Each structure stands twice: as structure tokens, then as C-alpha cells.
Amino acid sequence: MMAPYITAGELIMARVAGDTAKFHDQLRKAKEVLLSPLETDIATTPYDVVWEEDRVKLKHYRPTREPSLKTPLFIIYAQVNRETMLDLQPGRSVVETFLAAGLDIYMLDWWYPTRKDRYLNLDDHVNGYIDSAVDFILEKHGIDQLNIMAICQGGTMSVMYAALHPEKIKNLVLTVTPTNFDHDAGLLNVWARSLDPDKLVESYGNIPGDIMNLGFLLLNPARLMIDKYVGLLENIHSKDFVENFVRMERWIFDSPDLPGETFREFIQWMFRENRLIKNELVLGGKKVDLKNITMPVLNIYGKYDHLVPPAACDQTISKIGSTDKEDLCLDTGHIGIYVSSKTQRQFGPKIIRWLTERDEAPEPVKEETKKTASKKKKAAETAVKE
Amino acid sequence: MSEKEKTSESAQHVVFEDWVKGQVGAWEEAMKRTSQVWQTPMGAAPSANGDPVKGPNPEEIGKGLFEFFQALSSIAGTPKPGDFQSAKSVPDMMLKMLQPLWGYSIKLQKQWAEMTGATATGEPENMAELVKQMTKSFYDAQGEDFRKILNVPQLGLNRYYQERFNKAIEKASDYQSALTEFLQLLMIPLEKAHYGVQEEIAKLEKEGKAAIKDSRALYQLWIQKLEDHYMALLRSDDYMNTLTETLNRLHDYRAARAEFFMDLLQNLPIPTNRDMDELYKDLYILKKRVKELERKVKRNGK
Chain V
1 MMAPYITAGE
11 LIMARVAGDT
21 AKFHDQLRKA
31 KEVLLSPLET
41 DIATTPYDVV
51 WEEDRVKLKH
61 YRPTREPSLK
71 TPLFIIYAQV
81 NRETMLDLQP
91 GRSVVETFLA
101 AGLDIYMLDW
111 WYPTRKDRYL
121 NLDDHVNGYI
131 DSAVDFILEK
141 HGIDQLNIMA
151 ICQGGTMSVM
161 YAALHPEKIK
171 NLVLTVTPTN
181 FDHDAGLLNV
191 WARSLDPDKL
201 VESYGNIPGD
211 IMNLGFLLLN
221 PARLMIDKYV
231 GLLENIHSKD
241 FVENFVRMER
251 WIFDSPDLPG
261 ETFREFIQWM
271 FRENRLIKNE
281 LVLGGKKVDL
291 KNITMPVLNI
301 YGKYDHLVPP
311 AACDQTISKI
321 GSTDKEDLCL
331 DTGHIGIYVS
341 SKTQRQFGPK
351 IIRWLTERDE
361 APEPVKEETK
371 KTASKKKKAA
381 ETAVKE
Chain U
387 MSEKEKTSES
397 AQHVVFEDWV
407 KGQVGAWEEA
417 MKRTSQVWQT
427 PMGAAPSANG
437 DPVKGPNPEE
447 IGKGLFEFFQ
457 ALSSIAGTPK
467 PGDFQSAKSV
477 PDMMLKMLQP
487 LWGYSIKLQK
497 QWAEMTGATA
507 TGEPENMAEL
517 VKQMTKSFYD
527 AQGEDFRKIL
537 NVPQLGLNRY
547 YQERFNKAIE
557 KASDYQSALT
567 EFLQLLMIPL
577 EKAHYGVQEE
587 IAKLEKEGKA
597 AIKDSRALYQ
607 LWIQKLEDHY
617 MALLRSDDYM
627 NTLTETLNRL
637 HDYRAARAEF
647 FMDLLQNLPI
657 PTNRDMDELY
667 KDLYILKKRV
677 KELERKVKRN
687 GK
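One line per chain: the protein sequences are V and U, in this order.
Residue numbering for the first sequence follows my numbering, starting at 1 and increasing by one per position.
Residue numbering for the second sequence follows my numbering, starting at 387 and increasing by one per position.
Next comes chain V alone, as it looks inside the complex (with noise of 0.2 Å):
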């Protein structure tokens, strides 16, 4: 007798139907849900744009309560996708659980990058926006050093910033930070070894955020582009399911297109030369030494992170000059590590302790000390030259 037949679409009815007296009463609710209205906001805490240069902006969260640190937290999202995703929405946002622990937010937002931005490199957004809006929080708030916060690339970033101003920042946490690219486990190593940026760049000025998302959702077809969706139709009489998804969708393909120098030195210098790991990165003349970063470090990295997986992130702490460092590993992925409510109660508390506890701020320096100590340098520079 011949096997019967079964098509992969009737193995997907078959999971979302399932009973069918049951999968009636879920299609009625699923087009109350749909037809109703649906809250799918996102990044909906209350913010002031503070500083502006070109695209790049400054965000400052509005307090929810009086400050409990002394010491603002810049956050230096990646430049792929967006920053929303850590206000994705209330009861999981990781802003909102530092407002409440009272915190003093500043975000950096990378906004939408045009084709004039296309020349920008890497030490145009490191030594260049990143710095400007360092030294706008440390002029606003009259102190030396604030405490950064990044994210993936933006934590890439970071680590740069970190070793060519270590005096700017009191406390660094990173997480799901990549420093060290020369390995296999991840799919974007292996790729970004085979690609040739310079074609990409040439072809399209900055790189597509559609071509960004579809690199992203090749990584693992199957669960991206197909059981995800199943996983909705079986879910669609939820509201909240529903509710959470499509802001999910929103955020996810959300992509700013990347700055084409940028992309190109990112893929050459990372992900093929591996210099950063390796102390042979130079930005704007200077070479980046990870020894000079000596600040307190937390890392924390998701082990089941199939973009930056642990190997890329594990090596960050023994290569840094700092004594208090810390590597913490969670059981998540690499979005999870923001918007899984489990780790919510971990991620957030964790970071807020962490920075509690090294928040020692020193006295807001004088305006005539600044000068003092400003000619006393440039001295010291004129002598040495001679």
C-alpha cells in the first residue's frame, strides 16, 4: 500500500487547527482580536531630544523618581536596528526598570542614516558622535566621568571608545558584545569571511537595512521565516499574544540602512582581521589598546546567543587592563537577554546593583581648576615636543 501523502502545508493546518471544535471558537476570537483595537507601541517612555549633530541624537529619559546614583548611564545602542528594543514596551522595558531604580538615562540614538552619510567610518561615530555626546553629559552635569551601557556593536564601539578615553568613564557594562570575531560559531563569521564589503559598498553607498534583515532571517529560515508564523496563527485568538508579537515585528524590522565606510571597516577590520582583539585597531592615528581600559567592566553575554555567541564575548575580560571585571553568563539569546521577562528580574536588577556599588562620583571639577589643569597639560605637551 502506498504511504499517504501529506504536504507541508496540511502539517501546518494540522498544528494550528488541531481540534476542530476548538479551532472554530479560535478563529471567532481571533477576528475580535484582529478587528479590535491593538496596542503596538513601542519605545512609549517619555524622553527630551538634549543634543543633535547630523542624524545622530541624544536622548534624556524624564525621571520617574528622584536620581539614586550620582552618576548618569549613557546607553550606545548598535547601529543595526534600533535602540526601541529596550523600551519595547511596559512591563518589559529595561529602561523603564532603571527610571524606577532611579537612574539617570541618556540613549543614543542613531537614527536614520542617509546617503550622505555613506563616507562616515568608524572613527567618525567613535572619536566623533560618541565623544561630542560624552563630553554634552559631562559638561551638563559638571562631573569627569559617567558610566556607558552598550549593546552589541554599539558595545563593539564602546570597547574602542573605552581604551582611547578611559578617563571619561567611571563604570562600563557591556553586553552581548563582541570583541573577538575569529571563530566558527557563529553563521555571521562564517559569512562575513566569504563576503567582499567592498562590492556591497559600491553597489549600494550604505547597506540596506532590507538586505541587513535578510542576512538576519537566513541565519535560521525555518524558525524565522516559518514557525515563528505558525507559532502566531496558533496563537491569534490572543490578544496579548498578538499584542506582543506585532511589536516584536516592529521592532525587528525596524533596520536603518549602515553607513557604507563604516560596514566596510567593520567587516575588514573585525570580522576578517580580527584587529580588536588583537591590540592591532587604530582610529584617528591612535592605536586601540585594550590595556588602557581600566574602568570596572561587567560583560554579559546570552549562552545561547546565535549572533554573538559566548566565543565572541568570553575573551573581552582577560584582554582588559582592568582589576574589578566581571563576566556573567545568562541562559538566553540575544534578544531574550532584553525582552524576556525571566531575565528582566535578572538583566535589570544585576546591572543597577552592579553600578550602585561602584557609584562613588567625585565632586563636580571647578571651572577654574578645569582651566588650570587644562594649560598645565598643554605645558607639559609644548616640553615634551621640544
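Since the hints were derived computationally from the structure, they do not count as laboratory data.
All of these numbers come straight from a predicted model, not from anything done at the bench.
A few of these clues could be false.
[As the list claims (entries may be wrong)] Calculated pairs, DMTMM-like style, for lysine to aspartate or glutamate (alpha carbon to alpha carbon, straight line, at most 25 Å):
1. U/K674 x V/D109
2. U/K673 x V/D135
3. U/K518 x U/E530
4. V/K303 x V/E326
5. V/K31 x V/D48
6. V/K199 x U/E567
7. U/K677 x V/E53
8. V/K199 x U/D624
9. U/K674 x V/D135
10. U/K518 x U/D623
11. U/K677 x V/E265
12. V/K140 x V/E167
13. V/K116 x U/D638
14. V/K168 x U/E678
15. U/K595 x V/E139
16. V/K57 x V/D41
17. U/K667 x V/E265
18. U/K611 x V/E234
19. V/K199 x U/D623
20. V/K228 x V/E360
21. V/K168 x V/D48
22. U/K667 x V/E243
23. V/K31 x V/D198
24. V/K199 x U/D668
25. V/K228 x U/E577
26. U/K611 x U/E591
27. U/K667 x V/E202
28. V/K287 x V/D331
29. U/K592 x V/D109
30. U/K677 x V/E139
31. V/K286 x V/D182
32. V/K57 x V/D109
33. U/K673 x V/D41
34. U/K674 x U/D663
35. U/K589 x U/D624
Based on these hints, arrange chain U on the given structure of chain V.
Coordinates of chain U only, in the frame set by chain V:
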């Protein structure tokens, strides 16, 4: 209608008919060459109960495709008297035109389902390889002829414009073939996962168990197999080489297309990407110099 108009209309009709016949001829040639690929005997795989498979052989498939395109071209060609006699309205006429097309497309789908093991099992690797060979052969045959025509040396005042246009067409065709190959590669895990589930069903049937009893478990099996096959594919050299080749051809196509558009745009008051990039580069350098000067002034001021 005047005599002059009648002559003009019949001349147009003749030209159109000749063009259609020419197109049909070109397609016939391409299909003949493609069908040569299918002459290699593909060993029939056993079915679930071990009996040899009686699926369509490559010649039958080739014949089916050939008839399909003949039907297509007959619709575009000169309709014979009486073809639309019983058609009383436009929808009727459309239906009569599309009927042969529909008939042959159904026939092809059935042949395809049989070939992919809808009622029997076939090795998915062989199936995927067959499809790849078919497509590659088709594009190579088409590309060979097109390339010769497109690379004919151009003459006269417009020669450079014509050359760039031809180059854009050639590169578009190359990119299309590379993209098709890449997409076909991405379809292979789907076939393999499907084949895996069919094997599982066949095994359960053999053991006398109800195969479709727990369809959710079958779905989980399918999605897991699909994930595993994709993970294996995405790390393979074949995938990397195909992806690299596709991206290279994309780059060549976009470069050729940009050159062609430059020719068009220079007659219009619209700046091209090249113009704007030069301006952006100048702006970028100027901004950097200004920032550096600002920093020096600030340092000196302190």
C-alpha cells in the same frame, strides 16, 4: 478603410506574425537544448513498499513542457478561423484562449508532483540536481545566444549608449541566473525535510501504526529536520560560493545599470548618484576639517 490603410495594416500584420514565429522558434530551440539534459537516465527509486516507480520519464516531461510553450505561442500567434466562433463575450473569448494553457499547466503540475515523489519516493538530491541542471542549461543556452547578439559591435553616434544598454541587459541576465540558482539552493532543505517526513510516514505504515494520528508531532519533526538541513546548507561551501557569485553578479548588474541610467539622466535636470556622491564626499571632508579646527580652538582657548 482606404487602400493605403489596408496595405499598411496587412504589412503590420505580417511583421507581427513574423516576429511571433521568430519568438516561437527561439523558445523551441532553447527547450530542445534544455531537454537534452534530461536524456541522462535517472535511476528509478523504490517506493515505500519496494516496488519500482513508474513516474514520467525525462522525455515525457520535455514533451509536456514543449507542448506547453507551443500552446502559449499559439495564443500569441495567428488565431485560426473558428477558434472563437462560439465565444459570445470577452470572458468567453478569454476562456477559450486560456483553456489550452490551463490544460497543459495542470499536466505539468501532475508530472512535477509525480517526479518529486508525491506518490513515490525519489532521491531529493537527484531531484534538486536535476532542477539545477535544467535551469543552468536553460540559462546557459539562452545566455549564449543573447550574449552573442548583445556583444555585436555598435556603430555610429549612439554606439557608446547602445553598448552600455546592452551591457546592462547582459548583466541583468547573468544576475537573474545566479539569483535563480541561489534560490533553488535555498529550496533544497524544504525538499529534504519533506522527504524525511514522508520516510517517517512510510516507516510507520510499514510497522502498522497510524501515520497521521499525531500530526503535531509530524509538524515538529518536519520543522526540526528543516532547521537541521538549513543549518548544514548555510555552512556549506556550495552555499558560500553561490552566495558570493550572486552578490558579485548583483554588483556587476547594478554598476552596469547605473551607467545606463547616467546616460538617461544627463539629459534631464536630475543629479545622478555619482554627482551627489562627489558632493557628499566634499561635504564630509569639509565638516571633518571644521570639527578639527573647532577642537583646536577650544583647546587653545582653555
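Hint by hint, here is what the structure shows:
no.: 1; hint: U/K674 x V/D109; in the structure: 21 Å, holds
no.: 2; hint: U/K673 x V/D135; in the structure: 19 Å, holds
no.: 3; hint: U/K518 x U/E530; in the structure: 18 Å, holds
no.: 4; hint: V/K303 x V/E326; in the structure: 16 Å, holds
no.: 5; hint: V/K31 x V/D48; in the structure: 38 Å, violated
no.: 6; hint: V/K199 x U/E567; in the structure: 20 Å, holds
no.: 7; hint: U/K677 x V/E53; in the structure: 11 Å, holds
no.: 8; hint: V/K199 x U/D624; in the structure: 20 Å, holds
no.: 9; hint: U/K674 x V/D135; in the structure: 18 Å, holds
no.: 10; hint: U/K518 x U/D623; in the structure: 17 Å, holds
no.: 11; hint: U/K677 x V/E265; in the structure: 22 Å, holds
no.: 12; hint: V/K140 x V/E167; in the structure: 17 Å, holds
no.: 13; hint: V/K116 x U/D638; in the structure: 23 Å, holds
no.: 14; hint: V/K168 x U/E678; in the structure: 20 Å, holds
no.: 15; hint: U/K595 x V/E139; in the structure: 75 Å, violated
no.: 16; hint: V/K57 x V/D41; in the structure: 21 Å, holds
no.: 17; hint: U/K667 x V/E265; in the structure: 17 Å, holds
no.: 18; hint: U/K611 x V/E234; in the structure: 21 Å, holds
no.: 19; hint: V/K199 x U/D623; in the structure: 20 Å, holds
no.: 20; hint: V/K228 x V/E360; in the structure: 46 Å, violated
no.: 21; hint: V/K168 x V/D48; in the structure: 23 Å, holds
no.: 22; hint: U/K667 x V/E243; in the structure: 44 Å, violated
no.: 23; hint: V/K31 x V/D198; in the structure: 49 Å, violated
no.: 24; hint: V/K199 x U/D668; in the structure: 22 Å, holds
no.: 25; hint: V/K228 x U/E577; in the structure: 20 Å, holds
no.: 26; hint: U/K611 x U/E591; in the structure: 20 Å, holds
no.: 27; hint: U/K667 x V/E202; in the structure: 14 Å, holds
no.: 28; hint: V/K287 x V/D331; in the structure: 35 Å, violated
no.: 29; hint: U/K592 x V/D109; in the structure: 61 Å, violated
no.: 30; hint: U/K677 x V/E139; in the structure: 18 Å, holds
no.: 31; hint: V/K286 x V/D182; in the structure: 23 Å, holds
no.: 32; hint: V/K57 x V/D109; in the structure: 5 Å, holds
no.: 33; hint: U/K673 x V/D41; in the structure: 37 Å, violated
no.: 34; hint: U/K674 x U/D663; in the structure: 16 Å, holds
no.: 35; hint: U/K589 x U/D624; in the structure: 31 Å, violated
Going down the numbered hints, you'll see the structure goes against 5, 15, 20, 22, 23, 28, 29, 33 and 35, while the others check out.
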